[in-house]
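Here are the chains, one letter per residue:
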Amino acid sequence: MELLKRNAVPLLLVAAQWPVGWLLSQTVNSYYLQIIVYIGINAMLAVSLNLINGITGQFSLGHAGFMAVGAYVSAACSLFLVNGWPAALALPAILLAGGLAAALAGLVVGLPTLRLRGDYLAITTLGFGEIIRVVILNTAAVGGARGLGGMPPLSDFASVYACTIVCVLVIWRLVHSPLGKAFTAVREDEIAAAAMGIDTTRYKITAFVLGAFWAGVAGALFAHFIGYIHTNSFTFLKSVEVVVMVVLGGMGSISGAIIAAAVLTVLTEALRFLADYRMIIYSVLLIVMMLTRPGGLLGRHEITQWRFWSSRTAR
Amino acid sequence: MALLELTDCSLTFGGLKAVSAFSFTLDAGQLVGLIGPNGAGKTTVFNLITGVYRPDRGEIRMQGQSIAGLPTFRINRSGIARTFQGIRLFPNMSVLDNVVVGANQHIARAPVAMLFRTAAFARHNAELHAQCMATLTLLGLAARAHEAAGTLSYGEQRRLEIARALATRPKLLLLDEPAAGMNPQEKVELMEQIRLIREKLQLGILIIEHDMKLIMKMCERITVLDHGETIAVGKPEQIQIDERVIKAYLGEPVAHDS
Chain A
1 MELLKRNAVP LLLVAAQWPV GWLLSQTVNS YYLQIIVYIG INAMLAVSLN LINGITGQFS
61 LGHAGFMAVG AYVSAACSLF LVNGWPAALA LPAILLAGGL AAALAGLVVG LPTLRLRGDY
121 LAITTLGFGE IIRVVILNTA AVGGARGLGG MPPLSDFASV YACTIVCVLV IWRLVHSPLG
181 KAFTAVREDE IAAAAMGIDT TRYKITAFVL GAFWAGVAGA LFAHFIGYIH TNSFTFLKSV
241 EVVVMVVLGG MGSISGAIIA AAVLTVLTEA LRFLADYRMI IYSVLLIVMM LTRPGGLLGR
301 HEITQWRFWS SRTAR
Chain B
1001 MALLELTDCS LTFGGLKAVS AFSFTLDAGQ LVGLIGPNGA GKTTVFNLIT GVYRPDRGEI
1061 RMQGQSIAGL PTFRINRSGI ARTFQGIRLF PNMSVLDNVV VGANQHIARA PVAMLFRTAA
1121 FARHNAELHA QCMATLTLLG LAARAHEAAG TLSYGEQRRL EIARALATRP KLLLLDEPAA
1181 GMNPQEKVEL MEQIRLIREK LQLGILIIEH DMKLIMKMCE RITVLDHGET IAVGKPEQIQ
1241 IDERVIKAYL GEPVAHDS
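Sequence lines, in order, name chains A and B. Residue numbering for the first sequence follows the numbering used here, starting at 1 and increasing by one per position. Residue numbering for the second sequence follows the numbering used here, starting at 1001 and increasing by one per position.
What the hints contain is simulated information worked out from the structure, not anything from laboratory work.
Some chain A residues close to chain B (C-beta under 10 Å, calculated; not the full set):
1) Leu-174
2) Ser-177
3) Lys-181
4) Ala-193
5) Ala-194
6) Met-196
7) Asp-199
8) Thr-200
9) Gly-252
Glycine is no exception: its CB is placed at the ideal position from the N, C-alpha and C atoms.
Generate the whole structure from the sequences, applying the supplied hints.
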């Protein structure tokens, strides 16, 4: 009973998918619904990257690479492996396949590179993201330059919504648990953290693998929402977009990352009528933002910490 | 058996002998001072013990177990905690969270309980919270538990470093200039707190400090380093009149020829 009470908020949030989903299906057209789904996918990407970049303080620029691994592995899985399974079984199977494959990629990349710091780590992860993309582009079995299509539309608003909630919940509860405070300690001062008995490498790899896992799940949802994927969706620019969400929301703020993901996703669509000029507005917005609130929208704070509203010095 | 034992440890940086043939023992519950002029190699000795550097030669044993060359976090888990000369707190985390991070290795690893916030998880959290607050109380920081560590005064930050180190539950505490930057009043309080900690937790303490009054008053035994070499070992009153120590601190007497 008590357990139920302690988990009431996430349970209610997950349960809200039915009324919200019904309401949306009655009120908005499929274009707006698509934007809402993209917000969910981007929120998962931003929150999972925030665990690596914002909370643990490692600068990764390869999140699109992990997303690509998740998208392609799950797509291959649904096309060749679980083809014909009922959706209720196939969906968890492909999400898990995409997530685990990306997590494995995260481990393979993380083990050798996490001894690097700052710029060096950023460059290696950037390189990794490009390698993944080029390898996929040259693999005929997954469509190569033609892209990969024909996946069943397994993911919809409800599944994206539920996955986003679970992703945020897992990362939130991890970093706000006594053990998880070590992630932030690694960011704050790695030498001091090690001197306090914290296996810093292990924490960095955990952050990397968990972040990659959720990027993979986001990729799997993306692939099975639009039904066709191409490596052009997972370029370096996509990685940068997710980094911008994290920076804009405030490095280390989970709620900030979600808000920034929503704002940027909507903004990209809202400015579509300006064609290529929208990139100018996009950049101006970022510059203004960095000048007026260099710590990001919420700084290091969460929206649940009300003092953010009263103090302007939230950094 | 000695708690900490260094035998014949040497470390060179290029051509510079930072520490040469350093031998040292510290028994459980002892409070020993390590002094010497600037650049004598005191902090280097701390860095050797805590695994920041690996000795070129020599052996370091903690309770009989060799620890030379182990990674820093393993050495801490063997029971050695330290503070830093240049403060290294987690400045954006709360005072309490700094101590919680110190207790990391004693927190049960239970991912499922953590994820679902079970009753057992809540109970462990409450226990941990109480323990960490008790440690903060010991150093007079309980009232500031929820402030960001970076906002504390210099003296308070030094005390928080000690609290964080104690949270790892060490058998040996290494204090690197704990009184640096403190005013006389704070120094008196610090001495009292260190005495209390030692009495209560039965710790061995090795302390580097430039405040001679504090060192002479507190330590049972003092080791003096100069240019990486041990120039004197003994009780405070012996050290005070040791010629080599005086020479190292004040220089050679000037010869008046004319």
